[in-house]
Every structure is written in structure tokens, then in C-alpha cells.
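> Here is what each chain is made of, one letter per residue.
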Amino acid sequence: MISRQTSLAKNIILFCRFLRTKGYAIGPPEENLLLLALAEINIGSKQEYQLAMRATLCKSQKELEQFDDLFRQFWKELDKAVDAKEKQVPEKKQEKPKPGPDASFRALQTWLHGNRNKDTEETATFSTRENLARKDFSNIPDDELYSLQQYLRTIARKLSVKANRRHEPSGKTRQPDLRRTLRKNLRRGGELLDIVYRRPKKNRMKLVILCDASRSMELYTAFLLQFLYAFQQVFNRVETFVFSTGLKRITSQLKQQEFSDTKKILGTEKLGWSGGTRIGACLADFVREYADNLLDKKTIVIILSDGWDTGDPHEIAGALSAIHNKSKKIIWLNPLAGHSGYQPDTAGMQAALPYIDVLAAAHNADSLKKLGNWL
Amino acid sequence: MTVHKKEEIDLQDIKKMLLDQGYITDDSVAMSVYLSLRLNKPLLIEGPAGVGKTEIAKVMARALETDLIRLQCYEGLDATHALYEWNYQRQLLHLKMTEQSEQSIEEKEQTIFSDAFLMKRPLLQAITHHQKPVLLIDEIDRSDEEFESFLLEVLSDWQITIPETGTIKASHIPQVILTGNRTRELSDALRRRCMYLYIGYPDFEKEWMIVKTKLPGIESRLAEQITRFVQELRAMKLEKSPGIAETLDWAAALSALHIEYLDKAIIEQTLGLVIKDWKDTRQVQLSLSELMEKTGITSKLP
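Protein sequence lines correspond, in order, to chains A and B. Note that UniProt numbering numbers the first sequence so that position 330 is 330, with each residue one more than the last. Note that UniProt numbering numbers the second sequence so that position 76 is 76, with each residue one more than the last.
Each hint should be verified, as a subset may be incorrect.
[Stated by the list, open to error] Heads up, simulated EDC-like pairs for lysine to aspartate or glutamate below, C-alpha to C-alpha not over 16 Å straight-line:
(1) Lys15/B to Glu30/A
(2) Lys298/A to Glu145/B
(3) Lys41/B to Glu31/A
(4) Lys41/B to Glu30/A
(5) Lys96/B to Asp194/A
(6) Lys237/B to Glu289/A
[To be verified] Computed, partial: chain A to chain B, Cβ under 8 Å:
(7) Leu35
(8) Ala37
(9) Arg54
[As the list claims (entries may be wrong)] One-sided and incomplete, this derived list gives chain B residues near chain A with beta-carbon spacing under 7 Å:
(10) Asp27
(11) Tyr88
(12) Gln91
(13) Met195
Hints were generated in silico from the structure; no laboratory data involved. Idealized CB from N, CA, C, for every residue including glycine.
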């Protein structure tokens, strides 16, 4: 019925667009591949059709898991869109419905947009503490913000040069190690049979950043992220998460954007910024979902938080001990530590202390400068 | 010839071939394999250990009636181990032996940088193979990021340059299968170049079928009990969940011992075949009674 009114290819493109709004990385190559794939199967079978789409459009386990639901959702809405158009007709006049695909597309399009909003509303009601208030950076004067940014960038550049020299990367991967080669071949009468190679030691450090994004921390988070990303070429990999009442991975968003947009990312991500922070639960989430993939003994974990936790301190201890075991080092940055007379005596900080390698302040540019020494 | 054969393969053939190999699975696997063959796209397969990711490559090789070339990845794997290496020892010996000969330096150079002294590693083998091979790149997530980007280059160009002899272009583009255990996140670029397939643990019916297919001699009741028990173990969130390989090992062992049904003592004695981590072992032993109740295995009273 649908296929009679709208072309298959058009529906498929629309479906791809729909998936893209759900975070699937689908571009023209994928669409092209899908259309090629459909030529290979029995298109009359709905099952084969769905399987082929699944096989060509999904690129990770998570995407595979969601796919069937999204597929059903989309084609149901498409049916509805067609129905809706037919129902509208008697209200207008007794005219015969004109077989134009536009109406159904428009209905679908409004649903695409409308539904996106509905989605976020649904997640908003999920947690009572979640607060969708738009973040406001206006409490620092704009001119000051700019000069601070400049300063941070300068420090970061200096530090990154230093770090690079220390690890001396080199384009050549294979150089004979003359000394070892001669030594090894002496026992064969000095004939050079085995050649021993060496290669420059590479800096293979990775960084995982977990930022508290509750209201009290948002400014610090923004600055720290800018600082770390300015010298990310030193690291093999930088992964960034923000948390408050929930955990969210923002690595890819940060990669794509300038710092001016970083503010926007932090400001618009719907995590419930001003709600109470559940550090322990979020860290436990991180351990469960990502620790196996992202942590190893070359990874430094940086946690930026003031340690004010509304959850169970045991949870913090449990999660941190797991992170501690899997990573090279945990650096906890606490802006409050910059004030004289600070004692880490909140329950959350107390629970965390045994597992932290470095506890440092990160309240101003100077303290960030020191951070370079520990990386 | 190969192309002609490929034309004839359809989805049903793939399903049948998977079945003939004793590979019991669902339609999504068959579809991915089929499309990967037809569209000639690399297939990236992820999933826990022991669910038969590598098996798929073997099935594919059989489907195409061709050879399987395997590249096992490990940390520190670099281009020389994956591509080619000159056989230095042979080159040196050759030079030594021809020291007295009249050959000019150029001639000697030509000889020692010829095919006879070239050790082909899997990637070069795959490219120069006389027919379209299946190239299995196993556990790609164990190699480091550098190798991954190098691999991306090879997978898109299908040519390899050897400075001493020149560029070799693939005569047949190999059918590529990559597998991973999700020990490291793979780059998006690699994902986008491949078709993706995730194979998880099978459900009870499927696993029961697998046990009965692979071990035709097994007591039906034992097979059922073993499968149920392993399924429960997987639900326990252990450090190392048992894979299908473990189920089969266990079933084969118990079957060889002519055991007809499970009881507590037997499970305790043979648990090492299924659980391979001491923390897990302890956890399972502690909750053994509960597990047995869940799986309906009656503990025999003495």
C-alpha cells in the first residue's frame, strides 16, 4: 500500500535520516551500500528486508540492539502517516484523496521533529532531580573569559611541546640496533646473521576525563576540558564523560567543535545539570559500561568534582577501586582544594581518598599549569 | 570461474552451508555473511569469546571454495609481521657464497631482492594469492591503533609497495573478515569501512541444538541439563562467562565418562571445564544449590 504511493528509495532515505537523528553514523556511502544490498535480496520478504537493513546500517552492538525497535517504530509511523492523510480527507470535502506523497511525508516529518522533543521530555521525567534549566555562563564577564582562554591555550601549547620532547616520537619505525647486533653475532664469528632492531619509544598514554557537570562545577569543567583538549596531540586517545545524575560520553561532540561550542554542548546536553550529583552511581556506570574497553595500564583517569555526593559513599569507593586497578593513575581535581584550609572531609571525598593517586586543585589557570607535571 | 560460482550463491545456500558445517545460528548471521559476499565488503564480527566468530570465516572459505589466510593480531603487531620481510640470513649467506663470482653488484642486488628471498606475511599472501581468498584478521582489537590505521590503508587500496621491487596490486580482492572481543574500542573509520555483525551467546534452544549436533552420541537429558546449567551461569555475571566452546568441552567430557545426568558431586568435580577463573569458581560453588534448583537438577540424596 505504501509502496504504491511513495517510492521505496525515498522511504529508505527518510528512514536513514530518521536513524541519523538517533545517533547512527549514516552517510551517503551507507545509503548506497544499503540500496546495493536490497538489489541482492528478495525484496518481497519483509524479514529479509529488515535483516539486510540491519546488516548494512548498524556499526556497533548498541546500534544493533536498538535497530529492530527503531525499524518497527518508523514503519508504523509511516503507515500512520498514510492513514492520517486518508482520514483528513472527509473533513475537508467529499473529494477523492489526491495521491500525492507530500502529505504523508509532511506528517512524518513533523513526527520526526515532534518526537525528538517528546523523547527528551520523557527522559526528563525519569529523574525527579533532573533539571533542564538552560545553563548560564553569564556570571563571568565576557572579556575576561576571552583573555583567560588565551592564557590557557598558551600554557597548554608549552606543556605539549615539553611532553613531546620527553617521549621523542620518530617517523622511522625500524632502525638496526648496531650494538646489540654485533654482540649477538659475535658468537658466530662476527658474521652478521641476525639483525636486531630498535624503535623509538612511543608515548602511548591515554586519558579518560570524567567531569562533574553539576551547577557548582560547570565553569571548572568547561575550562578543564578546553585546557586538556588543547594538548590532546600528546595523548594517544582522550575520552571525555560528563556526569551529574547520569553519565554521558561527549568525546565525539567535543572532537567536532570549537570551545565556544563546547559551552553549548555542556549547556544543552540534557543531563539535568542542576540536580543533585550522584558521583558513586555515575562512576559505577562508567565501570560497568566502559571500563573494560577504555581503561588499561597506560591510561590516566582524571576526575573533576567537588566531591559533594548525594549517594552512598560505599559506591564511590567500590567504583574507584575498580578504576584504580585497571588504570595507571587517578587524578582527582577538586576546585575546593585551592582554598586554604580545605580538608577533604565530605563523605564522598573520604571514601575516595584511598584510591586517588593525586588530589589537586583546579580552580584557576595556575593550578591547571601544575597539572601538566602529573601527566 | 570464481565469479561465476559466486553468482549462483543465494541466501538459502548460505543458510544451508552454515548448517552443513554444524553451525547453528539465526538469520541475521546468514544475512550478514551473504551480503558481505555479494557486496564484497569486509565483515567485522564482534562478540564474547567462544561463540564461533572464527568459524564464520571457515564457512565463507568453503562457500567460495577457496583458501583461508589468517592473520592473528596481538599487541605490538606491526607492518613487517603482517606484510613481508626480507630473509636477511639467506641474503647474507647468498652474498657470502657468491663472493668469488663474477657478478656485478647490480646483478647481485637483483638476485637477493627477488621473490626467493621475500618472506610473505599474511596480508601480502592474500593480495598475491592465485584466486580470491578469505582473509581472516583475528582479534583486531588486540593490535594497537597504529596497526589499525595501517590496515585501513591496505583495505582501501589493496596494494602494497615494497621499496626494493615496486608496487604489488591485488589480482583478486580478498574477502575480509575481522573479529574482535571488544577489549578495545575500534575506530569509527574502520567500522564504517566494514559491515558489522554482533554474535552473542545463543539462547537455550539454539545451544541445545548445537550440543546435540556436535555431539550426536550424547544423552538427550544430559545435553539439556548441561545447556540449562551453562545458560544460568551466564546470567550470573561472572568475570569470564563460559562460551559455547566450554559447553561443548563439558558435554564431551561428561559424555565420555558415560554420565547420564548431572548431580552436585559431578558438577563440583568437573566445574573446571566450564569456569576458568578462581573468583568465579568460588562464586559458583557458593550458589550451587540455588543454581541446581533453578535448572531443575535434583540433588541426589545419598
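> Please go over all the hints and tell whether each is borne out by the structure.
Right, here's what the structure says about each hint:
no., hint, in the structure
1, Lys15/B to Glu30/A, "violated, 25 Å"
2, Lys298/A to Glu145/B, "holds, 13 Å"
3, Lys41/B to Glu31/A, "holds, 14 Å"
4, Lys41/B to Glu30/A, "holds, 12 Å"
5, Lys96/B to Asp194/A, "holds, 15 Å"
6, Lys237/B to Glu289/A, "holds, 13 Å"
7, Leu35, "violated, 11 Å"
8, Ala37, "holds, 5 Å"
9, Arg54, "holds, 6 Å"
10, Asp27, "holds, 6 Å"
11, Tyr88, "holds, 6 Å"
12, Gln91, "violated, 10 Å"
13, Met195, "holds, 6 Å"
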